[in-house]
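Q: Heads up: the protein sequence lines correspond to chains W and V, in order.
The first sequence begins at 1 in full-length UniProt numbering and counts up by one.
The second sequence begins at 1 in full-length UniProt numbering and counts up by one.
By construction, these hints were calculated from the structure, which means they are not laboratory data.
Heads up, the beta-carbon is just placed ideally off N, CA and C, and yes, glycines get one too.
Just so you know, not all the hints are guaranteed correct.
Unchecked claim - Pair ranges (Cβ atoms, derived): (1) V:112 - W:209: 55 to 61 Å; (2) W:209 - V:62: 35 to 41 Å; (3) V:70 - W:122: 41 to 47 Å; (4) W:154 - V:112: 27 to 33 Å; (5) W:44 - V:112: 53 to 59 Å; (6) W:33 - V:126: 16 to 22 Å; (7) W:152 - V:57: 37 to 43 Å; (8) V:57 - W:154: 47 to 53 Å; (9) W:204 - V:57: 30 to 36 Å; (10) W:122 - V:238: 46 to 52 Å; (11) W:147 - V:110: 53 to 59 Å; (12) V:14 - W:45: 42 to 48 Å; (13) W:150 - V:71: 27 to 33 Å; (14) W:168 - V:71: 35 to 41 Å.
As the list claims (entries may be wrong) - Mimicking SDA-like on lysine to any residue, the simulated pairs with C-alpha atoms at most 20 Å apart in a straight line are: (15) W:123 - V:15; (16) V:104 - W:120; (17) W:121 - V:73; (18) V:74 - W:123; (19) V:112 - W:196; (20) V:131 - W:213; (21) W:121 - V:56; (22) W:123 - V:199; (23) W:123 - V:131; (24) W:121 - V:74; (25) W:121 - V:72; (26) V:108 - W:196; (27) W:121 - V:108; (28) V:102 - W:203; (29) W:121 - V:12; (30) V:105 - W:201; (31) V:102 - W:200; (32) V:30 - V:199; (33) V:131 - W:187; (34) V:74 - W:186; (35) V:131 - W:131; (36) V:108 - W:201; (37) V:104 - W:213; (38) V:74 - W:196; (39) V:114 - W:169; (40) V:74 - W:213.
Each chain, written out:
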Amino acid sequence: MHSTEVDTLPQKKRKTSLAIDFKKFWNWRSIILLIVNLAVAGIVLFPLIYAISMSLKAPSEVYQQDASFFPEAPVFSNYIDVFKTAPIATYIKNSLIVAVAITFSQIITSIFAAFSFHFLKFKGSSVIFAVILATMMIPGESVIVSQYIMVSGWGWVDSLRVLIIPFMTSALGIFLFRQALHSFPAEIYESARMDGCSNIRFIITILIPLLRPTIGALAVQSFLGAWNMFMWPLLVTNADEYRTVQIGVSMLNSVDSQSMVLMLAGVVICMVPSLLIFIFGQKNMIKGLTAGSVKG
Amino acid sequence: MANLVLKDVSKIYDGDVKAVNNMNLDIKDKEFIVFVGPSGCGKSTTLRMIAGLESISGGELFIDDKLVNTLPSKNRDISMVFQNYALYPHMTVRDNMGFALKMKKEPKAQIKQKVDAAAEILELGKYLDRKPGALSGGQRQRVALGRAMVRNPKVFLLDEPLSNLDAKLRVTMRTELVKLHRKLETTFIYVTHDQTEAMTMGDRIAVMRDGVLEQFDTPRNLYKNPNNLFVGQFIGSPQMNIFRAKLIREGGVHLYMGDRKMLLPSSVSDRLDFKGSEKDIYLGVRPEHFNFYDVNNQQDFPLEIKTSNVEQVGSDTYVYFNSVNAEKDIVARLSPTEEVFVDDVIEVSFNLENIYLFDFDTEETMLREEGL
Numbered sequence: 001m002h003s004t005e006v007d008t009l010p011q012k013k014r015k016t017s018l019a020i021d022f023k024k025f026w027n028w029r030s031i032i033l034l035i036v037n038l039a040v041a042g043i044v045l046f047p048l049i050y051a052i053s054m055s056l057k058a059p060s061e062v063y064q065q066d067a068s069f070f071p072e073a074p075v076f077s078n079y080i081d082v083f084k085t086a087p088i089a090t091y092i093k094n095s096l097i098v099a100v101a102i103t104f105s106q107i108i109t110s111i112f113a114a115f116s117f118h119f120l121k122f123k124g125s126s127v128i129f130a131v132i133l134a135t136m137m138i139p140g141e142s143v144i145v146s147q148y149i150m151v152s153g154w155g156w157v158d159s160l161r162v163l164i165i166p167f168m169t170s171a172l173g174i175f176l177f178r179q180a181l182h183s184f185p186a187e188i189y190e191s192a193r194m195d196g197c198s199n200i201r202f203i204i205t206i207l208i209p210l211l212r213p214t215i216g217a218l219a220v221q222s223f224l225g226a227w228n229m230f231m232w233p234l235l236v237t238n239a240d241e242y243r244t245v246q247i248g249v250s251m252l253n254s255v256d257s258q259s260m261v262l263m264l265a266g267v268v269i270c271m272v273p274s275l276l277i278f279i280f281g282q283k284n285m286i287k288g289l290t291a292g293s294v295k296g
Numbered sequence: 001m002a003n004l005v006l007k008d009v010s011k012i013y014d015g016d017v018k019a020v021n022n023m024n025l026d027i028k029d030k031e032f033i034v035f036v037g038p039s040g041c042g043k044s045t046t047l048r049m050i051a052g053l054e055s056i057s058g059g060e061l062f063i064d065d066k067l068v069n070t071l072p073s074k075n076r077d078i079s080m081v082f083q084n085y086a087l088y089p090h091m092t093v094r095d096n097m098g099f100a101l102k103m104k105k106e107p108k109a110q111i112k113q114k115v116d117a118a119a120e121i122l123e124l125g126k127y128l129d130r131k132p133g134a135l136s137g138g139q140r141q142r143v144a145l146g147r148a149m150v151r152n153p154k155v156f157l158l159d160e161p162l163s164n165l166d167a168k169l170r171v172t173m174r175t176e177l178v179k180l181h182r183k184l185e186t187t188f189i190y191v192t193h194d195q196t197e198a199m200t201m202g203d204r205i206a207v208m209r210d211g212v213l214e215q216f217d218t219p220r221n222l223y224k225n226p227n228n229l230f231v232g233q234f235i236g237s238p239q240m241n242i243f244r245a246k247l248i249r250e251g252g253v254h255l256y257m258g259d260r261k262m263l264l265p266s267s268v269s270d271r272l273d274f275k276g277s278e279k280d281i282y283l284g285v286r287p288e289h290f291n292f293y294d295v296n297n298q299q300d301f302p303l304e305i306k307t308s309n310v311e312q313v314g315s316d317t318y319v320y321f322n323s324v325n326a327e328k329d330i331v332a333r334l335s336p337t338e339e340v341f342v343d344d345v346i347e348v349s350f351n352l353e354n355i356y357l358f359d360f361d362t363e364e365t366m367l368r369e370e371g372l
C-alpha cells in the first residue's frame, strides 16, 4: 500500500526553562496563599506530629509539667516495647491480610459487576443497579447487629473470613467503575468480540489495563477502609489471633497496661501502611474519583 | 471471499421502531459494496447485523450460502474496521494486529509472519512497536485495516473508516482502500454518508433512506437512472436541481415550465412512462447539465436568470439563482470562460436530453432505463 501522507506524530513538548521567575512567583497573593496553606497543613498534621513526638518520649517525660513539645532525647525503644506489650505483629499481619484480601476482592467483583451493567443487556439491570446504589445510603451501624447475629449463627465469629467476606464487594466500587465505563468506547468491546475474545478475557486483557486509574482509586479507598475498620472487628473477634491492628492499639490503653507512649508508638506504626498507600496512590485516587465527570 | 445474501432482513427496536425494513441484497464474491444514505437511514445497523453485533429481528442473512442469523460474530469469519478504529490503546501495533490470531490460539511464529506481511502491505513496518497513541490518524486507520487483514476474513466490513481523517488524507486513503480491495480480492462492505466516497469506491452502491433500500446499483446507473427523486438528489455533487413542471401531450409530449414549453426529444419521450394528456411532475436537472444559452442549440431549454451567488473554483463557475418553479436555490455549473458576477442577468439553458422526470405524487422516476 502506498502512503503519501505526512506522518504527523505528536511533537514532544519543549522543555521549559528551569529558571523561576521570582518576581512573578513571589507576589502578595502567593505569599498569603502559602501562609494559609501552611497554617491549614499545620492544623491538620498537628495530631500526627504530636503522636510521633510523644511516641519518642520516655514514659517519665510525658507527665512532667515543664515538658517541651518535642522529646528531650528521642527514645526509639518505645517502638520495640510496644511489640513486647501486645502482639502487634500479629495484629499488623491480620490487618494486612484483611485489607489486601478486601482490596483485591472489591476490585475484582466491582469490575465484573460494572462490566455486566454496562456491556451486557439484561432486563432489570437499571433496577438492580439502583438497589446497589441505595445500599450506599444505609449507615453500616444500623445493620451491624443483624449482621453479627447472622455471622455468629454461621459460626464465623473469631475468624479472618468474618472480617473479609462481608466486605468482598463495594457499591462505591461498582459505581466508580460504571462511571469510568461511560467514557469507554463501546467499539473496543465490539472489536474484541469480533476478534473472538470472551467476556472474561476482555475484562482481564483489555478492561483492567485500561481502567488502571479507577482501580488505583478504589484500591486506596478499599485498603484504607479495611485497614481502619474498627467497629466490626471489635464485635466479631475476641482472640488475639484474629484481632486487627486498630483493636490492638486501642487495647494498649486498657486499664492494666496503660502507657501513653506505647500506645502512641502503636498508633504511629499502624498509620504507616495507610500513609504509604495514600502517598503512592493519591494521584490515582484523584484521577479515578473525577474520571468521567468532565468531557475530555 | 464470500457471497452474502440478505433476505427481507429487518431490525426493529423497542417493538415498533423499524431501523431496517425488509432489506434484500445479493452481494457477489469480491465485490466492493457501499451502503450510503443520510444519518439514521439504517446503513450502520445493517452492517452491524451482518457483523453479528446486532440481532436480526426478521429475515435471513446468508454468508457463503450458510444461514448465520444466530451465529456469534467471531464465528462468521468477518472483520470489521470501526469509525474510531477501536484499537486497544495499551497494546503495541503488533499486539493489536495479532490479537485476533492470539485469540484463535495460532502459533506465535505464524502470528508474527501474518502481522509482518500485513504491515508490509500497509507500510506499517516501522511502527509495529509503537502504541496507537503515538500514531497519526492515517496510521491508526491503517493499523485498524491491518488488524482486519491478518484474519484473512471472508468479508471486510468498514463503518465510515475515513470520517475521522482530514479532507486531504481522506482522498488519499480512498484510493488506497480501493487498491487494497483489488489486492486482497475479498468482499468489502463499506458504510458512508458521503456520496462522493460511495461513487468513487463502490462496484455497487446501496442507497438507503429511513431503513429502506431505495436502490442498489452501479455508480453509473445510480447517476444516470435514479429510481426516485431521493436517489436522484442524493447522488451527485452539487445535488440535482428540482423544478416543478408539467407534461402535456399535444401531438408529442411537451415539457411546460413557467410560460415556456418545449417538445421532449425522442430519446426522452421513448423512455417515458406517461399515458394521460397532462401531468404534474418534478423536473430534475443536474448542475453540470446547464450551459450558457446558445440559440443554435435547438434541444436546450432556456432560462433567463438573475444570479444570487457566484463561486469561482478555477475549473468551473458555480452560479446560484432562484426560480419561481423551484423551492430551493438552483445551482448551475458553468464553464469559467465567461465571467459572471452576483446580480448579473444572464441566459442559461439545459439540454432536454439530460433531464430527469419524476412523478409528482409518488416521486418515482417516469423514465425507463436507457437501453431497456
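Q: It remains to establish, for every hint, whether it holds in the given structure.
A: Hint check results:
For residue 112 of chain V and residue 209 of chain W, the Cβ-Cβ distance of about 22 Å falls outside the hinted range of 55 to 61 Å, so the restraint is violated. Roughly 38 Å separates the CB atoms of residue 209 of chain W and residue 62 of chain V, a value that falls within the hinted 35 to 41 Å. One distance hint, 41 to 47 Å for the beta-carbon pair residue 70 of chain V and residue 122 of chain W, is violated here, with the actual separation near 18 Å. At about 54 Å, the beta-carbon gap between residue 154 of chain W and residue 112 of chain V misses the expected band of 27 to 33 Å.
Remark: the range hint 53 to 59 Å for residue 44 of chain W to residue 112 of chain V is upheld by a beta-carbon distance near 56 Å. For residue 33 of chain W and residue 126 of chain V, the Cβ-Cβ distance of about 49 Å falls outside the hinted range of 16 to 22 Å, so the restraint is violated. The hinted window of 37 to 43 Å between residue 152 of chain W and residue 57 of chain V is violated, with their beta carbons roughly 54 Å apart. Between residue 57 of chain V and residue 154 of chain W the beta carbon distance is about 49 Å. The supplied range of 47 to 53 Å therefore holds.
At about 33 Å, the beta-carbon gap between residue 204 of chain W and residue 57 of chain V stays in the expected band of 30 to 36 Å. In this structure the hint that residue 122 of chain W and residue 238 of chain V lie 46 to 52 Å apart at CB holds, the actual value being about 48 Å. Between residue 147 of chain W and residue 110 of chain V the C-beta distance comes to about 55 Å, which sits within the given range of 53 to 59 Å. A hinted range of 42 to 48 Å is violated for the C-beta pair residue 14 of chain V and residue 45 of chain W, which are about 57 Å apart.
As the Cβ distance of residue 150 of chain W to residue 71 of chain V is approximately 47 Å, the hint placing it in 27 to 33 Å is violated. For the hinted restraint 35 to 41 Å between residue 168 of chain W and residue 71 of chain V, the CB-CB distance of approximately 37 Å keeps it satisfied. With a C-alpha separation of about 15 Å, the suggested pair residue 123 of chain W and residue 15 of chain V falls inside the 20 Å cut-off, and the hint holds. Taking the CA atoms of residue 104 of chain V and residue 120 of chain W, the gap is about 23 Å. The hint is violated against a cut of 20 Å.
At roughly 17 Å between alpha-carbon atoms, residue 121 of chain W and residue 73 of chain V fall within 20 Å of each other, so this suggested pair holds. Our distance criterion of 20 Å between C-alpha atoms is broken by residue 74 of chain V and residue 123 of chain W, whose separation comes to about 25 Å. Under the criterion of a C-alpha separation no larger than 20 Å, the hint pairing residue 112 of chain V with residue 196 of chain W is consistent with the structure, at around 18 Å. This hinted pair checks out: residue 131 of chain V and residue 213 of chain W have alpha carbons roughly 19 Å apart, not beyond 20 Å.
With a C-alpha separation of about 16 Å, the suggested pair residue 121 of chain W and residue 56 of chain V falls inside the 20 Å cut-off, and the hint holds. In summary, the hint linking residue 123 of chain W to residue 199 of chain V is not supported, as the alpha carbons are separated by about 43 Å, beyond the 20 Å threshold. Taken as a hint, the residue 123 of chain W and residue 131 of chain V pair is broken in the structure, with Cα atoms around 38 Å apart against an allowance of 20 Å. For the proposed pair residue 121 of chain W and residue 74 of chain V, the alpha carbon gap of about 19 Å is at most 20 Å, so the pair holds.
Straight-line distance between C-alpha atoms of residue 121 of chain W and residue 72 of chain V comes to about 16 Å, which keeps the hinted pair within the 20 Å bound. Under the criterion of a C-alpha separation no larger than 20 Å, the hint pairing residue 108 of chain V with residue 196 of chain W is consistent with the structure, at around 17 Å. A threshold of 20 Å between alpha carbons decides the hint, and for residue 121 of chain W with residue 108 of chain V the separation of about 35 Å lies outside it, so the pair is violated. Simply put, residue 102 of chain V and residue 203 of chain W have alpha-carbon atoms about 16 Å apart, close enough for the 20 Å limit, and the pair holds.
Between residue 121 of chain W and residue 12 of chain V, the direct Cα distance comes to roughly 16 Å. Compliance with the 20 Å bound is thereby established for this hinted pair. At roughly 13 Å between alpha-carbon atoms, residue 105 of chain V and residue 201 of chain W fall within 20 Å of each other, so this suggested pair holds. Taking the CA atoms of residue 102 of chain V and residue 200 of chain W, the gap is near 15 Å; set against the 20 Å cutoff, the hint holds. Distance restraint check for residue 30 of chain V and residue 199 of chain V: the Cα-Cα separation of roughly 17 Å lies within the 20 Å cut-off, and the hinted pair is therefore satisfied.
Between residue 131 of chain V and residue 187 of chain W, the direct Cα distance comes to roughly 18 Å. Compliance with the 20 Å bound is thereby established for this hinted pair. Distance hint between residue 74 of chain V and residue 186 of chain W is fulfilled; the C-alpha atoms sit about 17 Å from each other, no more than 20 Å. Proposed proximity of residue 131 of chain V and residue 131 of chain W is contradicted: the alpha carbons are some 40 Å apart, above 20 Å. The straight-line distance between the Cα atoms of residue 108 of chain V and residue 201 of chain W is roughly 19 Å, inside the 20 Å bound, and the hint therefore holds.
For the suggested pair residue 104 of chain V and residue 213 of chain W, the alpha carbons sit about 30 Å apart, so the restraint of at most 20 Å is broken. Restraint check: the Cα-Cα separation between residue 74 of chain V and residue 196 of chain W comes to about 5 Å, which is no more than 20 Å; the hinted pair holds. At roughly 43 Å between alpha-carbon atoms, residue 114 of chain V and residue 169 of chain W are farther apart than 20 Å, so this suggested pair is violated. Taken as a hint, the residue 74 of chain V and residue 213 of chain W pair is broken in the structure, with Cα atoms around 30 Å apart against an allowance of 20 Å.
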